[in-house]
Amino acid sequence: MDGQQNFERLALPHMEAAYNLAYWLLRNELDAEDAVQEAYLRAYRSLDSLKGTDIRPWLFAIVRNTSYQFLGLRKRRANVVSIEEAFAPRENSELEAQEPASDQQSAEDILVNQSDHALVHIALGKLPHVFREVIILREWEELSYHAIAEVVGVPIGTVMSRLARARDLLGKHLTEIVSAEGANAL
Amino acid sequence: MHCDRYRHNVGPLMDGEISADERSATIAHLNVCARCAAEYQRLQDLRRRLLVARVPVPRSLVHRVRARIAREVVEVERRPQPGATAGAHVQAPAWFVRTRPWLRQAATILFACGLSVAGALSWSRIASERDMIKHDIVTAHVRSLLQGNSVQVASLDTHTVKPWFAGRLDFTPVVKDLSAADFHLTGGRIDYVAGRRVAVLIYTRRLHQISVFIWPDAREEAPGIAAPNGFNLVSWSHAGMSFWAISDLTEFELKELARLM
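Taken in sequence, the protein lines are chains P and S.
Following this note's numbering, the numbering of the first sequence begins with 1 at its first residue and continues without gaps.
Following this note's numbering, the numbering of the second sequence begins with 1 at its first residue and continues without gaps.
Check before you lean on any hint, since a few could be wrong.
What the hints assert, rightly or not - Here's a subset of chain P near chain S, in silico, CB distances under 10 Å, partners left out:
(1) 12
(2) 31
(3) 32
(4) 74
(5) 150
(6) 152
(7) 171
Because the hints were derived from the structure by calculation, they are not lab data.
Note that beta-carbon positions come from the ideal geometry of N, C-alpha and C, so glycine has one too.
All chains, full assembly: derive it from the sequences and hints.
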């Protein structure tokens with residue numbers, strides 16, 4: 001199947017990126033898998049609409065739209081939980097899960113390493129979606145502002161201000177979480 | 001104090017999204033402004049730190065996606081009519097059953113929308129009846145290989161296979177024993193090609209499966225050869241019947257089969 005082979009050659013190399021985008025919009029592995037599968041199917045069906053040489057903005061836009069659609073469905077199903085509520089409060093369980101069990105060697109090192117991993121997860125999860133998506137596309141996928149604007153469907157100026165805000169907020173969240181943890185430890 | 005002006009440039013500078021003029025001016029500013037230099041450093045640290053939050057993609061996902069698209073290829077190309085609601089027994093695939101009910105509903109709605117669009121598109125794309133037949137045959141053959149259900153009546157005996165078709169079709173296909181020529185009958189099934197029920201005979205040679213599609217067609221078509229998607233497809237007419245044989249065997253071997261039938 002020529003179309004199928006062509007599509008797989010173009011799109012499959014970006015599955016890891018697509019999955020990360022879906023995961024960080026949905027914050028759930030199973031939903032992210034479903035969203036990526038659905039998005040790839042939609043992308044395959046509308047391959048004719050692909051323009052330009054870089055498939056990523058086009059593909060990520062489909063992944064993003066599908067993820068938001070899934071979010072909407074999930075919200076409607078839950079019926080009571082708001083989107084932001086569904087997202088934010090995972091930090092306690094995640095922090096607990098990251099507690100070091102070993103007191104061998106440098107316990108402090110382990111604590112720092114593991115908790116930094118957890119801290120970044122939490123801080124990124126606390127970001128509102130509009131900021132989370134631009135920072136993921138920029139810092140991980142290294143998309144240009146122009147490409148991000150295409151994915152998100154906003155002007156480049158908006159991308160720039162959202163990205164700056166995302167970086168500020170993320171830094172703020174990271175320091176807040178660290179100090180909150182410090183307070184707990186005392 | 002131009003700090004405010006340059007502060008907004010720090011991010012774009014790191015991202016390489018800044019004009020040449022602004023770039024040199026901002027770099028010059030960073031050299032003299034500790035605050036903005038620290039901001040540049042902070043953004044770089046943030047970028048590096050963020051990498052730990054990347055999640056590994058489940059290894060099964062790529063197979064899932066590929067299988068889903070393969071199924072889409074088969075389903076869309078096989079649809080006899082746009083928007084037709086054939087009462088066929090479509091078995092839900094495993095992943096579909098596994099997903100949660102709301103997702104299933106969502107997927108069904110999306111799928112239905114997609115199908116009607118894709119069905120309409122593929123219908124308009126199919127140029128001629130022969131192309132449509134070719135499509136149907138390839139997809140039917142591929143599907144039977146994928147699903148491993150190529151045979152509904154399994155028999156090596158022509159006298160079992162031929163009567164099996166009798167009650168199921170409005171014609172009787174010729175079922176020949178070709179084992180002397182190393183084409184071994186393994187059975188038959190009914191399939192659906194170009195909007196009608198057709199007989200399919202399955203022969204094997206070595207490890208290769210050959211599907212021979214047969215239906216009555218008064219028109220005497222000239223023998224045809226095609227190589228769609230890596231398969232070889234040979235068609236011919238004989239005694240008011242249309243024959244289409246498809247396999248990954250060579251065209252030469254398929255013609256040999258055609259002569260024998």
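Against the structure, the hints:
A distance limit of 10 Å between C-beta atoms decides the matter here; for residue 12/P the minimum to chain S is near 6 Å, and the interface restraint holds. Satisfaction of the interface hint for residue 31/P is found here, the shortest Cβ-Cβ separation to chain S being roughly 8 Å, below the 10 Å cut-off. For residue 32/P, the interface hint holds, since its Cβ comes within 10 Å of a Cβ in chain S; the closest pair sits about 8 Å apart. Taking 10 Å as the C-beta contact cut-off toward chain S, the hint placing residue 74/P at the interface holds, the least distance being around 8 Å.
Restraint check, residue 150/P versus chain S: the minimum CB separation of about 14 Å is more than 10 Å; hint violated. Below 10 Å, beta-carbon pairs count as interface contacts, and residue 152/P has none with chain S, the closest being about 15 Å; its hint is therefore violated. Residue-level restraint check for residue 171/P holds (minimum Cβ-Cβ distance to chain S is 6 Å; threshold 10 Å).
Checked against the numbered hints given earlier, the structure breaks hints 5, 6 and satisfies all the rest.
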